[in-house]
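Each chain is listed here by its residues.
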Amino acid sequence: EDKVVQSPLSLVVHEGDTVTLNCSYEVTNFRSLLWYKQEKKAPTFLFMLTSSGIEKKSGRLSSILDKKELFSILNITATQTGDSAIYLCAVEGYNNNDMRFGAGTRLTVKP
Amino acid sequence: DAGVIQSPRHEVTEMGQEVTLRCKPISGHDYLFWYRQTMMRGLELLIYFNNNVPIDDSGMPEDRFSAKMPNASFSTLKIQPSEPRDSAVYFCASSPHTGELFFGEGSRLTVL
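Protein sequence lines, in the order shown, are assigned to chains G and F. Be aware that the first sequence starts at 1329, since it is given in the numbering used here, and climbs by one per residue. Be aware that the second sequence starts at 4, since it is given in the numbering used here, and climbs by one per residue.
Incorrect hints may have been included.
Think about it this way: if two alpha-carbon atoms lie no more than 30 angstroms apart in a straight line, the pair counts; the simulated DSS-like pairs of lysine-lysine are [said to hold, decoys possible]:
id : chain 1 : residue 1 : chain 2 : residue 2
1  : G       : LYS1395   : G       : LYS1365
2  : G       : LYS1331   : F       : LYS27
3  : G       : LYS1369   : G       : LYS1384
4  : G       : LYS1385   : G       : LYS1368
5  : G       : LYS1369   : F       : LYS81
6  : G       : LYS1369   : G       : LYS1438
7  : G       : LYS1396   : G       : LYS1331
8  : G       : LYS1365   : F       : LYS71
9  : F       : LYS81     : G       : LYS1331
10 : G       : LYS1365   : G       : LYS1396
11 : G       : LYS1369   : F       : LYS27
12 : G       : LYS1331   : F       : LYS71
13 : G       : LYS1438   : G       : LYS1384
14 : G       : LYS1365   : F       : LYS81
Just so you know, these hints were derived from the structure itself, not from any lab.
Next comes chain G alone, as it looks inside the complex (with noise of 0.2 angstroms):
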């Protein structure tokens, strides 16, 4: 059966800090590993990975993919208050088009 596990479940840190979220998966015929922030309303998307080893940022976020290892890392560097949210790892295969989530880390940024 297809799993997605993130880690850690809960973390709390201080503005400035770099902080680094992990995403495990399990899913046959891999397609694409997504990562999605939640605030208080719905997930918005922030980065698709497909390919191992390409980095995706944006701002002061990023994220890579390793296929062969079946992770995935999401960096937040310079955390924020506006950080703060559930960061969710989603994962699809070819065999299914569904997005499997994990169960989310909560960041929480204190001033």
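Once you have looked at the hints, place chain F on chain G.
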């Protein structure tokens, strides 16, 4: 575009009542997903449709849950009869193809 539209935003009902949640996907999107989110279980896929056809409903918890998509612009998720353990936020999401999902703002259901 208005994005994915869900209704109601909040629903409080009593155990045993029927609940119907509604979703209007983004026009032109071929895929529609229903998710349920709770603190304990995170974001769970319930069912998804491709071109109005249910593809995988293995995530639907039990027979009390049913979903339909009578046309490309409308879907419903029904719970009958509802139970307190169904309390959750139910998200609808659509996608033009595989990959990025566009989420609605969710329907928060409380079953007393």
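Each hint tested on the structure:
With a CA separation close to 22 angstroms, the supplied pair LYS1395(G) and LYS1365(G) stays within the 30 angstroms bound. As the CA atoms of LYS1331(G) and LYS27(F) are separated by approximately 29 angstroms, the hinted pair is consistent with the 30 angstroms bound. Restraint check: the Cα-Cα separation between LYS1369(G) and LYS1384(G) comes to about 25 angstroms, which is no more than 30 angstroms; the hinted pair holds. Taking the CA atoms of LYS1385(G) and LYS1368(G), the gap is about 24 angstroms. The hint holds against a cut of 30 angstroms.
Taken as a hint, the LYS1369(G) and LYS81(F) pair is honoured in the structure, with Cα atoms around 22 angstroms apart against an allowance of 30 angstroms. The suggested pairing of LYS1369(G) with LYS1438(G) holds, with an alpha-carbon distance near 21 angstroms, which does not exceed 30 angstroms. A threshold of 30 angstroms between alpha carbons decides the hint, and for LYS1396(G) with LYS1331(G) the separation of about 16 angstroms falls inside it, so the pair holds. A C-alpha spacing of about 28 angstroms is found between LYS1365(G) and LYS71(F), which places the hinted pair at or below 30 angstroms, so the restraint holds.
Annotation: proposed proximity of LYS81(F) to LYS1331(G) holds, straight-line Cα distance about 27 angstroms (limit 30 angstroms). Using a Cα cut-off of 30 angstroms, the hinted pair LYS1365(G) and LYS1396(G) holds, with the two alpha carbons roughly 25 angstroms apart. As the CA atoms of LYS1369(G) and LYS27(F) are separated by approximately 17 angstroms, the hinted pair is consistent with the 30 angstroms bound. Restraint check: the Cα-Cα separation between LYS1331(G) and LYS71(F) comes to about 27 angstroms, which is no more than 30 angstroms; the hinted pair holds.
Taking the CA atoms of LYS1438(G) and LYS1384(G), the gap is about 26 angstroms. The hint holds against a cut of 30 angstroms. Between the alpha carbons of LYS1365(G) and LYS81(F) the distance comes to roughly 28 angstroms, so the proposed pair stays at or under 30 angstroms and holds.
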